[in-house]
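Protein chains in written order, with the numbering used here: chain S, 179 to 292; chain U, 4 to 119.
Bear in mind the hints are in silico, worked out from the structure with no lab data behind them.
There's no promise every hint is true.
As the list claims (entries may be wrong) - Computed cross-link-like contacts, DSSO-like style, restricted to lysine-lysine with a CA-CA straight-line distance of at most 30 Å:
| id | chain 1 | residue 1 | chain 2 | residue 2 |
| --- | --- | --- | --- | --- |
| 1 | U | Lys-72 | S | Lys-218 |
| 2 | S | Lys-200 | U | Lys-72 |
| 3 | S | Lys-249 | U | Lys-72 |
| 4 | S | Lys-218 | U | Lys-61 |
| 5 | U | Lys-106 | S | Lys-187 |
| 6 | S | Lys-230 | U | Lys-106 |
| 7 | U | Lys-72 | S | Lys-187 |
Since the model is a prediction, treat every value here as computed from it, not as a measurement.
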Amino acid sequence: DTAVSQTPKYLVTQMGNDKSIKCEQNLGHDTMYWYKQDSKKFLKIMFSYNNKELIINETVPNRFSPKSPDKAHLNLHINSLELGDSAVYFCASSQDRRANTEAFFGQGTRLTVV
Amino acid sequence: AQSVTQLDSQVPVFEEAPVELRCNYSSSVSVYLFWYVQYPNQGLQLLLKYLSGSTLVKGINGFEAEFNKSQTSFHLRKPSVHISDTAEYFCAVSDRLIQGAQKLVFGQGTRLTINP
């Protein structure tokens, strides 16, 4: 009964390819996020959506495009993959968009670009 | 811009010993403070958070943290650790003034290794 689930868990692909990572939450939360964790375990926010509306868009290459078809789903599409995109991507959700709310994280998607 | 510094990248401790994981933050505004734990091959899980009130915050799994405003610190402690506490621990802050969105700023993480 996973709260925040991401697919796939592992993704190995060649440079230049386009790939998508899917995320779903069954917690009834309004807000969802994408975080990137690099090889040094450093976590940084990429995007946040609240009720399908984009509310945070950090300095991320426009090859990365999030899409939220409904408030329970937030997918991440990446075009023209580069070696530097290799990382673990975490989806998260929170009850609402307040700064003091708890974030619930998925298990992560380990993306390896070769 | 906010930043979070976790002073130790790795902390090895013997089982049943006490542990302290250090976290300092740099901010010109008030922040909310969080500690998250990441077990191997899993996502992050909230251990505890400081919003307001008592500076000593108790969390899950016997962990606690103390907010020190003058030192801009939020150190995590446990009086007696178990093998199962082996994990990566992340300190994070979010800006109180940005109520329209939560943007967690994380520290670099501290790898806690419990030895038998």
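Contradicted hints - numbers only: Hints 2, 3, 7 contradicted; others consistent.
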